[in-house]
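Counting along the sequence shown from 1, when you hit position 46 you're at 46 in the UniProt record's numbering, and nothing is skipped either side.
It is worth saying that the hints were derived from the structure and are not from the lab. A virtual CB, placed ideally from N, CA and C, is assigned to each residue, including glycine. Each hint can be trusted.
25 Å max Cα-Cα, derived DSS-like pairs, lysine-lysine:
1. K98 / K57
2. K51 / K88
3. K98 / K88
4. K57 / K18
5. K98 / K51
6. K88 / K57
7. K18 / K98
Simulated restraints, written as ranges between beta carbons of each label pair:
8. A69 / T101: 19 to 25 Å
9. D116 / E70: 29 to 35 Å
10. K51 / T79: 14 to 20 Å
11. A124 / H78: 15 to 21 Å
12. T42 / R83: 18 to 24 Å
13. D103 / A69: 17 to 23 Å
14. D36 / F77: 27 to 33 Å
15. F77 / G119: 32 to 38 Å
16. F110 / R17: 17 to 23 Å
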Amino acid sequence: MTVAEAAAMRDSGKRERKTHAGSCHCGAVRFEIISDFPELTTCDCSICRRKNALMVKVHESDFRLLSGAESLAEYRFHTHTARHYFCKTCGIYPFHRKRVTPDYYGINVFCLEDFDPSGIPVRATVGAGMP
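Between the sequences and the hints, there should be enough to build the whole structure, so can you do that?
Structure (structure tokens):
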């Protein structure tokens with residue numbers, strides 16, 4: 001990418017798509033995503049309010065679980081469609097499979113290494129009102 005292209009991208013608010021590594025607190029669960037972070041989201045459903053995560057949505061083709069599948073506990077509630085994952089050792093929520101778009105993951109951006117969410121727009125989603 002040229003300096004001019006990078007400047008145009010910055011001025012337009014767009015970010016470069018790149019790979020970001022993530023993990024739970026104890027490191028048992030490790031993953032990576034590819035994203036340009038067009039926006040981050042919060043959700044007001046009962047579980048998201050309690051876990052207080054700031055999320056980015058990525059397609060399953062842009063997500064890779066590197067290690068720790070056996071360290072993940074899965075939690076489902078209400079319609080039992082969304083799959084919320086937690087580390088069995090440290091209890092951290094790194095990601096979930098989304099309810100409305102099950103081919104996407106919601107990634108807890110606070111689990112990403114060397115990631116600064118400053119300057120990325122945050123959109124509040126209304127999960128509590130979903131049937």
